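Using the sequences plus the hints, can you model the full thing?
There are 2 protein chains.
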Amino acid sequence: MKTKEDLEIIARYQKEIRLLSQTSGLLQWDQRTYMPKKAIKSRAEQTALLSSLIHEKFTSDEFFNAISRLKNKNLDEESTLIVRKLYKEISKSKKLPKEFIEELSKTSSIANKAWEEARERKDFSIFLPHLKKLIDLKRKQAKLIELPGHIYNSLLDDFEEGMTVEKLTPVFQELKTNLISIIKKIKSSRDYNELKIKILGGKFPKELQMELAKDVAKAIGLEEDYSRIDFSEHPFSIKLGTNDGRITTNIRTDPLFCFGATMHESGHTLYELGIPEEYEYNIMGDAPSYGLHESQSRFWENMIGLSKPFWKYYFPKFKERFKIKEKFNEWYKEVNFVTPGLIRIEADEIHYCLHIILRFELEKALIEGSIQAESLPKLWNEKMKEFFGVEPKNDKDGVMQDIHWSEGCFGYFPSYAIGTIYAAQIYEALKKDIPDMEKDIEKGDYKKIKSWLKQKIHKHGAKFLAEDIIKEVCGEGLNPKVFIDYLNKKYLEMYNLK
Amino acid sequence: MKTKEDLEIIARYQKEIRLLSQTSGLLQWDQRTYMPKKAIKSRAEQTALLSSLIHEKFTSDEFFNAISRLKNKNLDEESTLIVRKLYKEISKSKKLPKEFIEELSKTSSIANKAWEEARERKDFSIFLPHLKKLIDLKRKQAKLIELPGHIYNSLLDDFEEGMTVEKLTPVFQELKTNLISIIKKIKSSRDYNELKIKILGGKFPKELQMELAKDVAKAIGLEEDYSRIDFSEHPFSIKLGTNDGRITTNIRTDPLFCFGATMHESGHTLYELGIPEEYEYNIMGDAPSYGLHESQSRFWENMIGLSKPFWKYYFPKFKERFKIKEKFNEWYKEVNFVTPGLIRIEADEIHYCLHIILRFELEKALIEGSIQAESLPKLWNEKMKEFFGVEPKNDKDGVMQDIHWSEGCFGYFPSYAIGTIYAAQIYEALKKDIPDMEKDIEKGDYKKIKSWLKQKIHKHGAKFLAEDIIKEVCGEGLNPKVFIDYLNKKYLEMYNLK
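Protein sequence lines correspond, in order, to chains A and B.
Okay, so the first sequence: first residue is 1 according to the numbering used here, each after it adds one.
Okay, so the second sequence: first residue is 1 according to the numbering used here, each after it adds one.
Not one of these hints is a red herring.
For identical chains, the list gives no copy identity; a pair is met inside one copy or between any two copies.
Derived pair list, reagent style DMTMM-like, types lysine to aspartate or glutamate, alpha-carbon separation capped at 20 Å:
(1) K133 x E103
(2) K57 x E16
(3) K37 x D230
(4) K41 x E278
(5) K133 x D123
(6) K41 x E223
(7) K41 x E16
(8) K37 x E223
(9) K312 x D445
(10) K15 x E56
(11) K41 x E224
(12) K490 x E334
(13) K57 x E45
(14) K38 x D225
(15) K481 x D348
(16) K327 x E194
(17) K37 x E277
(18) K456 x E78
(19) K98 x E45
(20) K37 x E224
Hint data in this document are derived by calculation from the structure and do not stem from the laboratory.
For clarity, every value in this text was computed on a predicted model and none was experimentally measured.
Next comes the structure, spelled out in structure tokens:
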């Protein structure tokens, strides 16, 4: 077979897989936004068929044979990278037998239902047998994949290619120690102890919340012609095709929920929309890791959306819309209020990564077999006490709060913390390149920032490893110190601890 | 191969084809409701891929071989019908070579764009060469399909299985003569000539229009749990899965547009939702013809929605919402105002079928080759003059008003008139079975009607030919006389011509 023909084969397969994934994405988007409730059974069948068609194409012999033949050919740089990446991913997926995939999928689906019931009844024992089965399967999966080093690496790699337990452990150790120390300092300050939440306990009409959310999404770059905002129970973002980035949001009492979630999801979508069109239908048309994807959402939600210059622009709008009487400084402190909570997704930017490290430590131990699922509730609560100084009253708000494990997602949690660290590193690099950036933010003008992010990060798609992009952009790889310095500076100043 | 295995093969293929069609339906629904404008290119690629997957499955050898083997086996009644129908449809589609299908699809797509441009510029000559090419292809298609009788039968059969030019010509002849005669009578009456449109020229706030449209859709049977109403430029209905019937509507100045369109589309969706779940994933899970489908929308839109008992219930609501001062009789006459218009989709229930007969006569002549596309504008205008007494000022409002021909849809128009006639026949049968039906309608209570329609029509799916269902339910096949009698009774009474 000629090289040209093989390149055509792999282009066709990649394009078809991508188009089917986008279509499957629409099935999901619709299910979570507009689908009538009773259509769920039918939708599950449609989704399952699409998944199996995608899997069929991804693992087809014609595709893999063409890739294998191309692997040793002399190709242009882009094709070489594509072929190498395809070969790696498909070889990896070929290590898992079809029966294993089916068992894992079936077990996850049952475990997820058990988790829902267990949460409702606040009874971990309902979830336990399913969780144990899932952990066994994930250990089996890790052994089949068999990457070098710690057994957990083989799972982590699905979300964070190239990242390892060996690299991550000291990073998280340093982060943990410092986060706990910053929190301790804050709590010791007089300003902190005198602070009362006054404004965010008020009433915030839904329409006005949405108006502000739409305003900020547009400012970030979500134009109507190629994106949209809808509602769903849990906010999410999804790209359904070229020029088709969709986010969802939701309204809670606290107006920062809708506003922050909108910024977060807009950050994800801006990334997706920033990936070049020529990668649209091949394996390069993705982020290289969940962590780098998360860096973009966290960048907008936290680094921008919780910053002083940002609120200098947006506070007057909030003040006017919601008739807030308090002054800027009070608002700014409330927006950044630091408090140990039980729930990860409600955490402030200092406590957030502690939630992640707790989960990482536990799931790593579960996969290596040094702890058993039976002791999870006890260990969870002990760690909560150790890291946060608080303990959940029940397992629903404790070990069962996240959906991830019930879906067989082990190895995903680190990406949230990695993304948070990357976001701080990216912000620092941006400040160096655009010294007057914060003045732009004060004016609600993100043009330069958006164009920088697109140029430095989005435009690469999945061409390089996430950490290599960060090295290129920030001069070094994953470095928790940058995030710690940022927190220290921000919060010690806020509480007059300098 | 054993019978059981063959039955499994054909069940699997039918289910996969159905699931892919539903998924493709979602792509369309989204494109017409929520999709960001600039996503169109991507969406076209997704839709094309789904179409080719469906086609691949439908024409696969494995599928057809299993059907062929089963054709001569002794099967239960249901399976026999399914196998027979599948064999017929696939054999028919096998008569069209792949290259022909591709050429037709490409030509239609280009012709459709040319039609849009030609409409915009009101210049038929832009559309003409594409239309000529399409007509050539459709003639070729008819020759390849080669059903008995008139050449047009081979196209008509795609929409109205079993219907023929030979059957239809006298039906439409009788209908035309009588419609023209009723219109003449109405126009000669003093009441008609004194009638002024007063109410429907008023202002009708959008929210109130939607409130009433939602109210009537719910009354007809579109419950939130398994259906939804959205907006699109042209109203349509689509079933996206079990318990997933969707309609769209739109708001115009005349409040009857939104209200009537909602009733029309609700009628289609009620039919789809009424087809038994056991037919969901096989070839029985459809209406047997476009005409029978249209009978359900026309039934609700016209037979119910333009009737006196219906407005006895709904007029007080309209009166209150829109602060209408006029009396019931004036409203009722306005709702049923008869006037010769140029545009099919704006026609009253008497003129509507004349629009259809005009199109049928022209497209039949085009396909048999007795007229040429060049003379269409002239012939169109002559027929308009003859049937309606009016002539369009330009071809946009004349020969180019409908999208159908530009998409290669020849043979579709008759279904609209067939559905209209069926609707009148169904109404008569209903009155016999439920003598106090009109009292229920006056109370806004459609329970008995809905259950009758489901029992007599919907529950069969595509098990029988459309006309055979009508024969069973109404005691005779397609009979324009019932529709003519209905119009005579209604309008002669309305204008005191009795």
